[in-house]
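K.L.:
So the protein sequences, as listed, match chains A and B. Heads up: the first sequence begins at 8 in the working numbering, then just goes up one per residue. Heads up: the second sequence begins at 8 in the working numbering, then just goes up one per residue.
Worth double-checking, as some hints may not be accurate.
You can't tell identical chains apart in this list, so a pair holds if it fits in one copy or across any two.
Unchecked claim - Using 25 Å as the maximum straight-line C-alpha spacing, the simulated SDA-like pairs for lysine to any residue come out as follows:
1) Lys61 x Ser20
2) Lys71 x Ala57
3) Lys15 x Arg125
4) Lys71 x Gly103
5) Lys71 x Arg125
Think of the hints as simulated: they come from the structure by calculation, not from any bench.
If you want the building blocks of each chain, they are given just below.
2 protein chains.
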Amino acid sequence: MPFSETLKSIVESVEGGLGAIIMADDGIAIDEYFLDGAGMDLNLMAVEYASLLKEVKRTADVLKTGMLEELAVNTGQSRVIVRIINDELFIALILGRDGNYGKGRYLLRREVSGLRERLS
Amino acid sequence: MPFSETLKSIVESVEGGLGAIIMADDGIAIDEYFLDGAGMDLNLMAVEYASLLKEVKRTADVLKTGMLEELAVNTGQSRVIVRIINDELFIALILGRDGNYGKGRYLLRREVSGLRERLS
């Protein structure tokens, strides 16, 4: 699992970090790191976010506002930040409700170029 | 257009603000304020984001992570922050690529409770 150290470092560097996952557009998880007891169904989350991302990409295409770079979804219990790695892969960071959203976004942005090189 | 002053105040208070719109889930714009020359097709944007929001709500339901509160989509040319007002209405703030995302999120969060009262 060559990326788990990077994922672990991201999750443990952000307050409220619960887990991070690199996935393909078809909902297959490439690598993941989740804290014990994060209480999430990872497979379901992978499939659901991959499916959602297709819709968001389609919306960006229709609106002609450039390539999708980042998607963030905040709900009553979680904050999910998704950052595009390349045409096929993305990384998702899951934070608890009071997680440090700004730092999470910063860390994903910082790590994505390195991931892009290693995954190309 | 009773909400246009609030929308104008949000757009003009954030660096890179291009426009803001209150919409219903069915893609009908309730009120809007856009800078001249923002270069966006508002009707298309309303319909597309309303449609996308349904998918995001569905995802939040499936994952059982609480009610959707906020969605943000960053693309090559724009940053769109959507905040839920109530079951039927949401507000979207559109910023240029270098817009102040943190301040935009803060302003929407601050204004939504007032909008909720006026719209209920």
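K.L.:
Compare the structure with each hint and give your call.
P.N.:
Status of each hint after checking the structure:
1. Lys61 x Ser20: So Lys61 and Ser20 fail the 25 Å test inside a copy (29 Å) and across (33 Å) alike.
2. Lys71 x Ala57: Both, since 21 Å and 17 Å are each at most 25 Å.
3. Lys15 x Arg125: within (17 Å within a copy, 45 Å between copies)
4. Lys71 x Gly103: between (33 Å within a copy, 13 Å between copies)
5. Lys71 x Arg125: Intra 29 Å, inter 34 Å, cutoff 25 Å: neither.
Figure legend: structure checked against the earlier numbered hints; hints not met, in rising order: 1 and 5.
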